[in-house]
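Chemist: Listed here are the chains, written in short residue letters.
Number of protein chains: 2
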Amino acid sequence: MIAARAEKGIEVSEVFFVACGGSLVDLYPSKYFLASESRVLRTDLYTANEFVHACPKVLGERSIVILCSHSGNTPEVVEAVKVAKSVGSITVTLTHNTSAEIANFSDHNILYEWGDESRVKNNPMAISLALSLEVLQQADGYPNYREFQEALYKINDVVAAARCKVEERVSIFAAAYQKEEMFYVLSSGASYGHAYGFANSSLMEMQWLDASSIHSGEFFHGPFEVTDKKTNFIVLVNEGRIRPLDERVLNFLKRYAKNYVVIDAKELGIGLLPESVVEFFNPILFYSVLCDYRAALAKIRNHPLETRRYMGKVEY
Amino acid sequence: MIAARAEKGIEVSEVFFVACGGSLVDLYPSKYFLASESRVLRTDLYTANEFVHACPKVLGERSIVILCSHSGNTPEVVEAVKVAKSVGSITVTLTHNTSAEIANFSDHNILYEWGDESRVKNNPMAISLALSLEVLQQADGYPNYREFQEALYKINDVVAAARCKVEERVSIFAAAYQKEEMFYVLSSGASYGHAYGFANSSLMEMQWLDASSIHSGEFFHGPFEVTDKKTNFIVLVNEGRIRPLDERVLNFLKRYAKNYVVIDAKELGIGLLPESVVEFFNPILFYSVLCDYRAALAKIRNHPLETRRYMGKVEY
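In order, the protein sequences belong to chains A and B. Take any residue in the first sequence, count from 1 to its spot, add 238: that is its number in the numbering used here. Take any residue in the second sequence, count from 1 to its spot, add 238: that is its number in the numbering used here.
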């Protein structure tokens with residue numbers, strides 16, 4: 239489709255990522271990747287209802303819009319794909335539902351795998367990264383294309399090994415923090431979206447616990463003033479060029495906090511991936527590992543991850 | 239400077255906004271404005287240390303980088319302006335300090351007014367918007383250029399009237415919420431940055447209170463599950479095309495929450511600005527009004543806004 243348009247002289251000029259909640263989190267690394275690596279493509283990330291109500295004026299036939307909805311029927315995402323389609327954008331949808339409504343307005347619908355038995359390469363985060371890689375390669379030519387492919391190939395084993403490594407830790411975490419009611423989750427770079435996701439989806443939505451995500455770089459410009467020996471922190475330490483930001487948070491917490499949990503992608507083995515692209519894969523590792531942390535917490539708190547009081551239960 | 243480059247055939251292709259904490263919040267509306275309105279310019283917003291460590295590859299002589307530091311000496315912002323300068327970008331710095339270090343690496347340094355007696359038009363948020371307007375006008379030609387200028391001219395009176403209107407309300411808020419320890423702050427569109435800013439700067443930094451900002455569009459995709467009659471919410475309701483997102487939050491809170499404060503830009507008189515551009519001015523109104531809310535809270539809690547335990551007091 240991109241090639242067909244290129245023949246008509248229509249080059250892709252922007253890639254927009256649109257979703258809600260956990261699916262938005264899955265697209266965050268792709269937006270980060272293109273914003274960082276492309277010299278040609280404009281990119282941005284939108285919660286679907288903002289995209290619908292305050293659509294960027296540039297949206298048109300030179301735009302690729304990548305949308306994700308697990309159920310495939312999220313009303314705001316359905317609206318968003320309609321908006322994109324109506325102005326001639328190339329629409330790519332990702333969903334886990336074989337009869338997803340978003341697929342009706344999609345040029346390319348991708349059905350992804352989900353669940354503990356699936357390979358992370360076939361989950362939406364990696365699929366979206368792989369799509370972005372191809373778009374980047376066509377638009378810019380990406381010098382680390384092969385390394386990125388290699389990382390996509392290797393990431394499943396890296397994640398599997400990391401999950402083994404945290405097996406005991408997650409129980410220790412759950413036991414220690416089971417009575418706590420407020421958590422700060424910190425990270426940066428490609429993984430900031432997963433700090434946000436762990437706060438908003440895993441803790442607030444699935445555990446009804448108070449939470450807030452803080453960018454490691456922003457921590458020292460205000461938020462760190464809440465730090466004391468009772469404040470709870472979860473820090474996702476990236477490997478790659480952004481690592482110093484997360485390490486700086488750790489160094490501060492070592493001195494002024496007591497309750498903090500460190501999940502360090504480097505210590506968990508992500509260094510097996512090529513150095514030139516490793517930073518973009520941190521969030522894939524964090525997501526899988528954090529699923530184990532939240533499962534342990536849910537179990538000890540007797541609050542199943544699926545329990546909702548509003549979502550899908552009342553009108554809103 | 240832009241004109242001089244254009245003569246050499248170098249057109250501006252992107253505008254990056256770079257700062258930390260409260261200054262980053264001041265730049266948020268400009269990024270939102272350009273992302274929404276420009277068909278030509280790429281734009282993004284970076285906390286300075288991420289910009290330094292994971293600098294976008296596109297950064298170069300076709301880039302304008304607008305940086306803000308109140309003190310003018312924030313180390314991460316100093317580094318960021320050096321990075322931008324080193325690759326030939328046009329650098330514009332905003333500061334309140336006549337001997338700001340960032341000015342040493344700046345093509346255009348703008349000294350802004352600050353404090354209760356200054357006109358909001360001369361504060362960094364409006365200055366950055368006015369700069370963005372001119373860049374947009376040169377790059378795209380902006381059909382609402384005159385209306386935007388009119389709004390810049392009128393906003394000070396609108397804000398002054400709004401502050402009068404909330405004079406009693408802020409005391410009622412402070413009295414009612416003085417013992418509360420956790421707040422969610424919600425908004426969307428151009429004002430999301432100020433939901434973030436009120437949480438991270440006003441509540442966490444200046445009051446050592448727990449806080450979290452939630453985008454109104456994201457609220458229904460996870461975070462709203464924490465809602466009960468004890469959860470505290472502050473909702474910034476925008477005027478303009480994004481308004482339905484904030485209203486939807488209010489409608490939900492009316493049914494399921496009890497402790498929520500509404501700051502509605504429309505009710506506070508922002509409708510005096512031209513309809514075509516009003517949405518970009520909501521955050522200017524919110525910032526000034528929220529300063530009165532936080533001042534009242536600080537007073538009743540006997541916790542002065544200037545009190546810090548780490549910032550500028552310890553090494554980090």
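Hints are not guaranteed to be accurate.
Treat identical chains as interchangeable: a pair holds within one or across any two.
Computed list of lysine-lysine pairs in DSBU-like fashion (alpha-carbon distance at most 30 Å, straight line) [said to hold, decoys possible]:
(1) K295 - K246
(2) K492 - K246
(3) K320 - K417
(4) K320 - K496
(5) K467 - K537
Think of the hints as simulated: they come from the structure by calculation, not from any bench.
Chemist: Have a look at K295 and K246 and pick one of within, between, both or neither, based on CA distance no larger than 30 Å.
Modeler: Answer is both; intra-copy 22 Å and inter-copy 28 Å each pass.
Chemist: Using 30 Å as the alpha carbon limit, work out where K467 and K537 are close: within a copy, between copies, both or neither.
Modeler: Classified as both: same-chain Cα gap 26 Å, cross-chain 26 Å, threshold 30 Å.
Chemist: Is it within, between, both or neither when you check K320 against K417 at 30 Å Cα-Cα?
Modeler: neither (45 Å within a copy, 46 Å between copies)
Chemist: For the identical chains here, do K492 and K246 meet the 30 Å Cα criterion within one copy, between copies, both, or neither?
Modeler: Neither way: K492 and K246 sit 58 Å apart in one copy and 53 Å across, limit 30 Å.
Chemist: At most 30 Å between alpha carbons: which applies to K320 and K496, within, between, both or neither?
Modeler: neither (49 Å within a copy, 36 Å between copies)
The structure fails hints 2, 3 and 4 (numbered hints given earlier, in ascending order).
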